[in-house]
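> If you want the building blocks of each chain, they are given just below.
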Amino acid sequence: MQVCSSLPGNRSWIRWLFLMDESALERYFDDSIANDSCLSLEEELGVQSPAPAPEDPSFLSGKAGPSREPGEELDLSFLPDELSTQEEPGCHDDTGVTSLMMTSFHIKMIFCEDASETQTAALDVSQDSGIIPDYNSQDSTAAADPQQGVSLLGVGASPFCPMTPMTPMTPMTPVTERSGIIPQLQNIVSTVNLGCPLDLKFIALQARNAEYNPKRFAAVIMRIREPRTTALIFSSGKMVCTGAKSEEQSRLAARKYARVVQKLGFPARFLDFKIQNMVASCDVCFPIRLEGLVLTHQQFSSYEPELFPGLIYRMVKPRIVLLIFVSGKVVLTGAKERAEIYEAFENIYPILRGFRKQ
Amino acid sequence: MSGSGVSCPGCGSSNIVDDDLYSQAQMVCVDCGSVVSEGVLAHDPNGGSDVSYSWTTAVTRKPCVNLVKGLQRVKAICRILRVHKEIEDLSQAYYKQAYQHQSFIKVSLQKKEVLAGCCVLVSCRLLNWPITMGTMSCLLDADPMAVGVVYQEMVKVLSIEAPIVNVTDVMEAHSQEYKISPLHVPEQLAENSKDLAKRAVALVELAADTWIVTGRKPIPIMMAAIYLAWQSLKPSKQRLKFTLDRFCQIAKVNKHKAALKRITEMREVLCKLGREIPWLRAEVTPDNVARQVDDILKNRYALLRRALRTHEDALQAEDSLTEEAASSRASEPVEHTPTASAVGLCGLNSERTQQPGDGNESPCKAPELQSDSQETQESVPNWGKRVLFAPPCVTHPKRRRAGQPGLQDVTGDEEISDSEIDSYIRTPREAREFALTQKILSLSESEKS
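So the sequences go chain by chain: Y and B.
FYI, the numbering for the first sequence is 1320 to 1677, going by our numbering.
FYI, the numbering for the second sequence is -19 to 429, going by our numbering.
Hint data in this document are derived by calculation from the structure and do not stem from the laboratory.
Among the clues, some could well be false.
[Said to hold, decoys possible] Capping the alpha-carbon separation at 16 Å, the derived lysine to aspartate or glutamate pairs in EDC-like fashion look like this:
{"hint": "1", "chain 1": "Y", "residue 1": "K1582", "chain 2": "B", "residue 2": "D398"}
{"hint": "2", "chain 1": "B", "residue 1": "K136", "chain 2": "Y", "residue 2": "E1623"}
{"hint": "3", "chain 1": "B", "residue 1": "K232", "chain 2": "B", "residue 2": "E157"}
{"hint": "4", "chain 1": "B", "residue 1": "K232", "chain 2": "B", "residue 2": "E248"}
{"hint": "5", "chain 1": "B", "residue 1": "K378", "chain 2": "Y", "residue 2": "D1602"}
{"hint": "6", "chain 1": "B", "residue 1": "K241", "chain 2": "B", "residue 2": "D275"}
{"hint": "7", "chain 1": "Y", "residue 1": "K1557", "chain 2": "Y", "residue 2": "D1518"}
{"hint": "8", "chain 1": "B", "residue 1": "K235", "chain 2": "B", "residue 2": "E157"}
{"hint": "9", "chain 1": "B", "residue 1": "K214", "chain 2": "B", "residue 2": "D275"}
{"hint": "10", "chain 1": "Y", "residue 1": "K1582", "chain 2": "B", "residue 2": "D402"}
{"hint": "11", "chain 1": "B", "residue 1": "K178", "chain 2": "B", "residue 2": "D149"}
{"hint": "12", "chain 1": "Y", "residue 1": "K1593", "chain 2": "B", "residue 2": "D267"}
{"hint": "13", "chain 1": "B", "residue 1": "K378", "chain 2": "B", "residue 2": "D398"}
{"hint": "14", "chain 1": "Y", "residue 1": "K1655", "chain 2": "Y", "residue 2": "E1566"}
{"hint": "15", "chain 1": "Y", "residue 1": "K1582", "chain 2": "B", "residue 2": "D299"}
{"hint": "16", "chain 1": "B", "residue 1": "K365", "chain 2": "B", "residue 2": "E248"}
{"hint": "17", "chain 1": "B", "residue 1": "K91", "chain 2": "B", "residue 2": "E133"}
{"hint": "18", "chain 1": "B", "residue 1": "K174", "chain 2": "B", "residue 2": "E152"}
Full structure from sequences and hints, please.
What follows is the structure, encoded as structure tokens:
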């Protein structure tokens, strides 16, 4: 790692931005491109996730500021204790910079010497903060305080080491081996109470997108195009919304259904919206010996090839059911929060990996 | 006893006595004779207010008739399968236990019969005498899925952890079903059942190593193995021309459609290995591979290693070509020399493990995967194509229609436009016409019926 001498001497900042929103980041970079000294590593931080998901619990190593100037304070308060003292033996940069491992959040590191931009950089620690398992408390302080909490270099003319574009960023000695694969949400089931009794016959008559067959099922089945979802609306006023691909989409869809019911003349409200189930899937990209897995994890697994080709793994903590297939595809279901899915996958991945090498 | 502290409502005196003269205990006032209070006619000794028939009258409870019949059925199934006494006892114990559980006490008699079969099934599994669910459902003459449902329910209720059935274990028993001995069929088509079973077991083991068995139903695999074994034991023209249909006819077995696919897959695997036989000049095709099966099975581990090594070399050559074409992929040659040696190591280690196939192709894949993150984006669906042996569902993936990109950047709190909502609501005229049409339709329906 070379010291970037082109950086003007004053105020270099590292900022850890926790951004959910790729496009917002793009916009930000477009703004900051003008300041040539900003090196954005957005492209370089590509991870092995199969889909361009904005949330990337990728395992990134960040190069902190150099510890050259012993007098400077490195504010490492947002990192867990063991990391701040960690020193990589085989560190490949010649300035002896301590590598720090940050896990489970989407980190964009931007080295920019313009202090004013730190405020604009949206610190949208969005809904994704749920996926930060260990570092929650530290992250929120870091997130809340981009300038102080994250400044790894103190004020002063410190020759700052920018990141060389590496593809991808691999940790030197990982604290825990993270998979780098993110399960993609496929379906969200949520319920909401519209708060008033409904005349299903009337709704089925007046709404274009509704079907009602009381002999078969005692609810109106309504569908909307965007987000593409289906709702079951019961005469008590309760509604089930399925088919959305994210929590926010589910909420938006439920609101649209409520609005339709409202327009039809009922005093519908939007009470007790709750996500009941989340289903996600991903691919570990190697074949899995299900017979062996059921032998070693018998108390959690059920594998009956005569009934179902996949292995049903009931994880205890978090309480998630995983369907594991020989092709390496894994389906996770039973979660009420996104974090549970990520946690469950990170729990099962080492088991599957360890398995494969046998 | 007098002086109970109650005063008579009639005369107000406190002289109340217990009168047990009659069958009913009463409290009577001495002075005026009025009854102050009376006890319950039937005092029950147990503290509750009603007396149950079974507690007072029945001396011995007669066991439920259906339970007895069910236990007899369990015994009958065990005798048909010719299992030993322990299994019979265990299955009877389980049946008794499960029968009386609330999830099974009120089910139909048919389901109770299926339950009997499932008890036998689970006892067989626990005591190392494996049979498949398919076999049991044939015995019970029930739908395999129904058997599966009852089986899973029962295992949950009784909290049993039964080991899974290994296909190779079941192979021998299954091959007994095929009437292909010299007694049943003409000489050229006959085969000793022992030889047949032995070769079929070897074929199934090979299939298991090369990812054909995991996740699949066992019976079609066994059928395919027996068919291929039968063909290869005497690979005459006549036998090679025999289709699976005809084979099942002469062996008097019900054909499974899935067995055809397994036969194709197994033949492919055998071809891949057959190509590595050093002394073969002619080309090995799925049609004539039956002749080489004997040699292939004898030397299968060595052939597996050779095949994997050849595959690795082929991949390297291919990659170095593409690397010359695309100069940006500088990391590749560095990655591949370690993989070549890794394969060599894997190849040596793996034959000592139980699953040689597995150890080989997966670690070879791993460094390749890690090296090039951009490549994985495209080749993620195709990692199966780059490996020599992969589960067939990976090498021939189902075509799925591309998922709609859908909304990104949704906060859930956006404004909902009125026009959008209006598009979901019928105009008054539309609603009228719809109601009319519905009425006409329902009238015509009722006329028809």
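> Evaluate each hint against the coordinates.
Cross-check of the supplied hints:
no.	hint	in the structure
1	Y:K1582 with B:D398	holds (9 Å)
2	B:K136 with Y:E1623	holds (14 Å)
3	B:K232 with B:E157	holds (8 Å)
4	B:K232 with B:E248	violated (27 Å)
5	B:K378 with Y:D1602	holds (15 Å)
6	B:K241 with B:D275	violated (23 Å)
7	Y:K1557 with Y:D1518	holds (12 Å)
8	B:K235 with B:E157	holds (12 Å)
9	B:K214 with B:D275	holds (13 Å)
10	Y:K1582 with B:D402	holds (8 Å)
11	B:K178 with B:D149	holds (11 Å)
12	Y:K1593 with B:D267	violated (59 Å)
13	B:K378 with B:D398	violated (41 Å)
14	Y:K1655 with Y:E1566	holds (10 Å)
15	Y:K1582 with B:D299	violated (62 Å)
16	B:K365 with B:E248	holds (14 Å)
17	B:K91 with B:E133	holds (12 Å)
18	B:K174 with B:E152	holds (8 Å)
When the structure is compared with the earlier hints, violations turn up for hints 4, 6, 12, 13 and 15 and for no others.
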